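Sequence positions in the sequence shown follow our numbering and run 7 to 138.
There may be inaccurate statements among the hints.
[As the list claims (entries may be wrong)] Pairs of lysine-lysine residues, derived as BS3-like cross-links and limited to a Cα-Cα distance of at most 27 Å, are as follows:
1) Lys116 / Lys87
2) Lys96 / Lys116
3) Lys90 / Lys116
[Claimed, not checked] Per label pair, the in silico range of CB-to-CB distance:
4) Phe78 / Arg26: 28 to 34 Å
5) Glu111 / Leu136: 18 to 24 Å
6) Glu103 / Asp76: 19 to 25 Å
7) Gly46 / Lys75: 19 to 25 Å
8) Pro32 / Pro61: 37 to 43 Å
Because the hints were derived from the structure by calculation, they are not lab data. This one's a predicted model, so the numbers in the text were calculated from it and none came from an experiment. We treat Cβ as the ideally placed atom computed from N, Cα and C, and that holds for glycine.
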Amino acid sequence: MTAFDNALLKGRIGNLNLMRVSSILPPGVQYCPDMEIPPGSLVPTAYGFIISDVPGELIAAAVGVGFSKDTFGVIMEFSGKCSKADAEMKIENMLKEAFETRGMELVGTKVAATEHRVEEIGCALAAVPLWY
């Protein structure tokens, strides 16, 4: 759990109470990368993570948000034993499929990904906190 906690802290969400949510972005949401959320807050968050204890293994996590023109969006999460670039590509494909399945037009995306080369034990985490 320390590897996961360290990843949360590195992502600046380690002092929050995350409530894991599925993949719908509410309409009208605004992107705010420097948002300060009070410690201990209950924060709906979509996230993907992977923990490994295999030295030398490359792990990655990614999240992506797909935007529609005038309604809700879709959030996708991915984690795996791969590179950051592979995780980003998976997310892009997942977003396209999610919009196609819903019969919606995908007008834009925002993707964040990270990778980690395990030394002893490590965690790759990517998250979309939703703060109201």
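Here's how the hints hold up against the structure:
With a C-alpha separation of about 22 Å, the suggested pair Lys116 and Lys87 falls inside the 27 Å cut-off, and the hint holds. Between Lys96 and Lys116 the CA atoms are separated by roughly 13 Å; this keeps the pair inside 27 Å, and the hint holds. Using a Cα cut-off of 27 Å, the hinted pair Lys90 and Lys116 holds, with the two alpha carbons roughly 15 Å apart. As the Cβ distance of Phe78 to Arg26 is approximately 18 Å, the hint placing it in 28 to 34 Å is violated.
Taking the beta carbon of each, Glu111 and Leu136 are about 23 Å apart, inside 18 to 24 Å as hinted. Restraint check, Glu103 to Asp76: a C-beta distance of roughly 21 Å satisfies the suggested window 19 to 25 Å. For the pair Gly46 and Lys75, the supplied restraint of 19 to 25 Å is violated, since their beta-carbon distance comes to about 37 Å. For the hinted restraint 37 to 43 Å between Pro32 and Pro61, the CB-CB distance of approximately 41 Å keeps it satisfied.
Violated hints, in rising order: 4 and 7; the structure is consistent with all others.
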